[in-house]
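Enquirer: The chain contents come next:
There are 2 protein chains.
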Amino acid sequence: MSRQHHLGELQLAIMRVLWSHGEATVAQVHKELGADRALTTIATMLTKMEKKGVVVHREEGRQFVYRASIREADVQRTMVASLTERLFEGDVSALVSHLITEQEIDVTELERLRELIERQRGLEG
Amino acid sequence: MSRQHHLGELQLAIMRVLWSHGEATVAQVHKELGADRALTTIATMLTKMEKKGVVVHREEGRQFVYRASIREADVQRTMVASLTERLFEGDVSALVSHLITEQEIDVTELERLRELIERQRGLEG
DNA sequence: CCGGTAATACGACCAAGGTAGTTGATGTCG
DNA sequence: CGACATCAACTACCTTGGTCGTATTACCGG
Chain Y
1 MSRQHHLGEL
11 QLAIMRVLWS
21 HGEATVAQVH
31 KELGADRALT
41 TIATMLTKME
51 KKGVVVHREE
61 GRQFVYRASI
71 READVQRTMV
81 ASLTERLFEG
91 DVSALVSHLI
101 TEQEIDVTEL
111 ERLRELIERQ
121 RGLEG
Chain P
1 MSRQHHLGEL
11 QLAIMRVLWS
21 HGEATVAQVH
31 KELGADRALT
41 TIATMLTKME
51 KKGVVVHREE
61 GRQFVYRASI
71 READVQRTMV
81 ASLTERLFEG
91 DVSALVSHLI
101 TEQEIDVTEL
111 ERLRELIERQ
121 RGLEG
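Going down the list, the protein sequences come from chains Y and P.
Heads up: the first sequence begins at 1 in our numbering, then just goes up one per residue.
Heads up: the second sequence begins at 1 in our numbering, then just goes up one per residue.
Please keep in mind that the hints were generated in silico from the structure rather than gathered at the bench.
Don't take every hint at face value.
Quick list of simulated restraints, FRET-style, between CB atoms [as the list claims (entries may be wrong)]:
no., chain 1, residue 1, chain 2, residue 2, range
1, Y, Lys31, P, Thr101, 27 to 35 Å
2, P, Gly8, Y, Gly53, 20 to 28 Å
3, Y, Gly53, P, Leu39, 29 to 37 Å
4, Y, Glu89, P, Glu59, 15 to 23 Å
5, P, Leu39, Y, Arg62, 49 to 57 Å
Because the structure is a prediction, the values reported are computed rather than measured.
For every residue, glycine included, the Cβ atom is placed at its ideal position computed from N, Cα and C.
Sequences are here, hints too, so could you generate the full structure?
Expert: Right under this line is the structure:
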C-alpha cells in the first residue's frame with residue numbers, strides 16, 4: 001500500500017489530472033495535458049501505471065475510465081521525503097530553510113507561512 | 001551551466017561525497033558509500049557523470065581524483081524547483097505548508113523556522 | 001625480470017520512463 | 001450496408017540510471 005511510489009514526470013502529470021478530475025478517459029487526460037504527445041503515449045503509460053498499481057480503470061462502453069488508486073497526499077509525502085533524504089540528509093528543516101531563503105517567496109506568502117507555523121506550534125506545543 | 005541537473009540516487013550519493021571531501025578517488029568514494037556495490041560500479045558511474053558534466057577529474061599517478069563541477073546549492077535549487085513544479089504546480093508555499101504540517105518538525109525547529117521567516121521578511125521588506 | 005596487484009577502459013545487461021506506430025475490433029453515420 | 005472513426009492491445013525503440021565482468025595497462029615487490 002504505502003510502497004515507495006516514485007513517479008516520473010509524465011506519470012505525475014497524469015496523476016494530477018486524475019486527482020483533480022476524479023476520473024478520466026485516455027482522451028480526456030490527453031487533452032488536459034495539452035495534446036502534444038501522441039494519444040497512444042498516454043494510453044501506454046496508463047497501462048503501465050495500472051500494472052504498477054497506481055491507477056485502476058473501469059470500462060464504459062469500449063472506453064476505459066481511469067481513476068487514481070493512491071492519494072495525492074501520500075505521493076507528496078513519499079516523494080518529498082525521498083528528496084529530503086537525498087538532498088538534505090533527511091533534515092526537513094534544512095529543506096524549509098532552503099525554500100524560504102533560496103526560492104523566491106514573496107512577503108505575503110511569508111506572512112501566511114509565519115501564521116501557519118504559529119498554528120502548528122500551537123498544535124504541537 | 002544551469003542545465004537541469006537531474007541526478008539519480010547513486011549519483012547524488014557520489015556528489016555528496018565529493019562535496020564534503022572536496023576531492024576523492026574512486027576507491028575513496030566507494031569506501032565512503034559503504035563498499036556494498038562493486039568498485040567498477042562507482043568508476044563507471046563517475047565516467048558517465050563526467051561525460052554529463054557534473055564532475056571532472058585530474059590524474060594523480062595512475063589514479064583519477066574526482067571533483068564536483070557543480071555546486072550543491074545549485075543542484076538543490078534545480079531539483080527542489082523541479083519537484084515543486086511536479087508535485088505542487090510550482091507553488092513553493094504549498095510545499096512549505098506540506099512540510100510544516102505533514103512532515104514531523106518538532107517545536108524547537110518550528111521556532112527556528114519562525115525566526116528564519118521573520119528575518120527573510122525583513123530582507124524582502 | 002616476472003608475477004601479482006591495482007586502476008581504468010570497455011562492453012554487456014537490465015529496468016523503468018517515455019514515445020509512438022500498427023493492428024484489430026467495434027461502433028457510428030450517411 | 002459499408003466506409004470511416006475510435007479505442008485498446010501489442011510491439012518496438014530510445015535513453016538513463018544502475019550494476020558488473022573482463023581486458024588491458026602500469027607499477028611494485030621480490
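Enquirer: Compare the structure with each hint and give your call.
Expert: Taking the hints in turn, this is what the structure says about them:
1. For the pair Y:Lys31 and P:Thr101, the beta carbons lie near 33 Å from each other, so the given range of 27 to 35 Å is met.
2. In this structure the supplied range 20 to 28 Å holds for P:Gly8 paired with Y:Gly53, their Cβ-Cβ distance being about 23 Å.
3. Here the CB-CB span from Y:Gly53 to P:Leu39 is close to 36 Å, well matched to the stated 29 to 37 Å.
4. Range check, Y:Glu89 to P:Glu59: Cβ separation about 31 Å, and the 15 to 23 Å hint is violated.
5. In this structure the hint that P:Leu39 and Y:Arg62 lie 49 to 57 Å apart at CB holds, the actual value being about 55 Å.
Checked against the numbered hints listed earlier, the structure breaks hint 4 alone; every other hint is satisfied.
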